[in-house]
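Chemist: Sequence:
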Amino acid sequence: MLSRCEDEVAIVTRDPRYDVLFEQVRIGPVTAKNRFYQVPHCNGSGSVSPHTQAAMRGMKAAGGWGVVNTEWCSIHPTSDTPAAGASRMWSDEDVRTNLMLTEAVHRHGALAGCELAHAGLTAHNHFSRMNVMGPSPRPLPRQDFPGNGRAMTKEDIRNLRKWYRQAVARCIQAEFDIVYLYVSHGITVFTDFLSPRINTRTDEYGGKIENRVRLLRETLEDVADVAAGRCAVAVRFCVDEHRGATAITAEDGRAVIEMLAEMPDLWDVNVGGPDDMLTSRFRKEGWQEPGIAFVKQLTSKPVVGVGRFTSPDTMVSMIRRGILDLIGCARPSIADPFLPRKIEEGRPDDIRECIGCNICLASNQLSVPIRCTQNPTMSEEWRRGWHPEIIPPKPRSARVLVVGAGPAGLEAARAAGARGYDVTLAEAGRELGGHLNQVAKLPGLAEWIRVRDWRVGQLQKMDHVAIFRESRLDTEAIVELGHEHVILATGSSWRRDGVGLTNYVPIPGHDQSHVVSPDDVLSGVKPASPVVIFDDDSYFMGGALAELLARQNCDVTIVVASSHISPWTQLTFEHSEIHKRLVSLGVRIVLNSNLSRIGVETVEISGLFGEPMRQLPAAGVVLVTMRVANDALYHDLQALASTAQGTAASITTVGDCRTPGLIAEAVFSGHSAARNLDAEDDGGLPFRVEQVPASFEPPLPGQGRPQGT
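Residue numbers (our numbering): 428 to 1136.
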């Protein structure tokens, strides 16, 4: 349903149980209008696309978030993280681009925060070519140019403190209300100094915890001095890295909080280092509470924490029980920028709940504007002018037929219905949701069904949308119905012959009865044990099926045509957890290998680097290779389009029926198709592109201000 425009006066009908979430919170010299706090999170736009970044953050403010923060914001070229993955506060030009963000946030009465950071030994410096440095020498990460980071001298430490002071001064010019010292996730100069496994110094900055915290204390004093009541100072701190005695332990974390308890204006705390961002497959809502609950006992300053909070009842509980003062959200604010407004307006059932798939994180890792499985408008606010709650009304009366009620079909029907079209949604099966219904039954993936449930809930509120189950339509039926627009969302099917990324021709023996596809297993077929899974897909399916079958007491071997299990999940930060989970279940993992031949009771595998062929026992074989679009209906309708029988003004494929891929891409495809109904294609770019104008040519260092600005 269409929500009210953001500029209209809200009619507050919220449940009184949630009143506490809308109380003001004092943060040093500034006041947050409520307890909804968008913690810093990356967005794949960074300093490269400041308009995209500003519009996205501004939409969060419009949606009711009381505080909206940037992502990682580099303070100096010695911490040159990828430009698409980070903001910058290096120069006056950066002040101007960040002003676009603060203005967009302030326009809706929210506070704007900037997460100032120096990456220390994890700085890449690919662009700046400056030396990477930290407390002690360390090899650079594998993705960087081979070499070492050097140990910081006392002069380097003085410079670092100076750079922080300069960055805070620029933040004040850019009108930020909160500035951060980022001390978390094991990727900052401060976590380098705090870590006993990295910091091997023997001077006053190394050794016991009081020395390892010295740089943080000194810099915090510097930052507070520059802020001087003009903006609040926050510390984002991991109180326990969950990596054993050689890392920042819970004991160390408590000691740091005790030593610095009253120095910042706000504590933003988390646990687990990078595990803080794990998917719903491995972490559920509120999982961090046991690790952070002690913090409020040690400080009088407000505390914010995260836990992928999507339930307002859970949020209230965190406040009432004294765990947090502010509800920190990153991924939930991406899935639904209007989450606070929906609670305030008494519409919590309209919240698009985060499913915890980390497609947002993967996008940022790929240095592209973040996308979201639940929210197809994410990062499209400036590029395409899309709003998550407001969609242009239909330009004319027309009827829309959507065939297939998977993720793409549901979103196409919902968005078309929100535009005011009369929509008919026809689903061949009894249950709406398409392949999601089976996928969500895989171990750990239950929350993915929210993609279906939210859309079904919205459709049920539209009296001009008719849903027909168990209605398999052929070309004759579609023509007979006579809708002006036909959107086909008939999905895809897994290939059964082994053709995929590695094999261009079918695998010999694929046509035997004991060889099955993921579709078979998801439909309840249990292959005979021992079973070999050939995973050539790169995403979650192969590993999830291995876990499923292992839990069903099958003897499982998974053969992977890669150096990692489920290799794409390195981008979603769950690759190592998937590997550990399978090992714990007794699954044998064979890497860098291809499935060459399938026999009656064995399979032949060959190494990708010349290793000799070998056999594995296999009474059952599952081929996880590639999917093919179920697009026969589309081609049949296209063949009729030029005849007298062809009555539709448009015939469009969406989702896997168009191109098999991520659920996020299916939802985006359905949404885009609905927005483009009755639109004229002028042949131009489908979105705006941010680029530096040819007239911009700044001088060399020391030769004056940039020209052409």
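Don't take every hint at face value.
DSS-like, lysine-lysine: derived pairs with alpha carbons at most 25 Å apart [to be verified]: (1) 460 / 581; (2) 711 / 635; (3) 821 / 888; (4) 953 / 1007.
Hints listed in this document are in silico derivations from the structure and should not be mistaken for laboratory results.
Everything numeric in this text was worked out from a predicted model, so none of it was measured.
Chemist: Confirm or reject each hint.
Modeler: Against the structure, the hints come out as follows:
1. 460 / 581: 42 Å, violated
2. 711 / 635: Between residue 711 and residue 635 the Cα gap is close to 35 Å, so the pair fails against 25 Å, i.e. violated.
3. 821 / 888: With Cα atoms ~18 Å apart, residue 821 and residue 888 stay inside 25 Å; holds.
4. 953 / 1007: 24 Å, holds
Hints 1, 2 from the earlier list are contradicted by this structure; the remaining hints agree with it.
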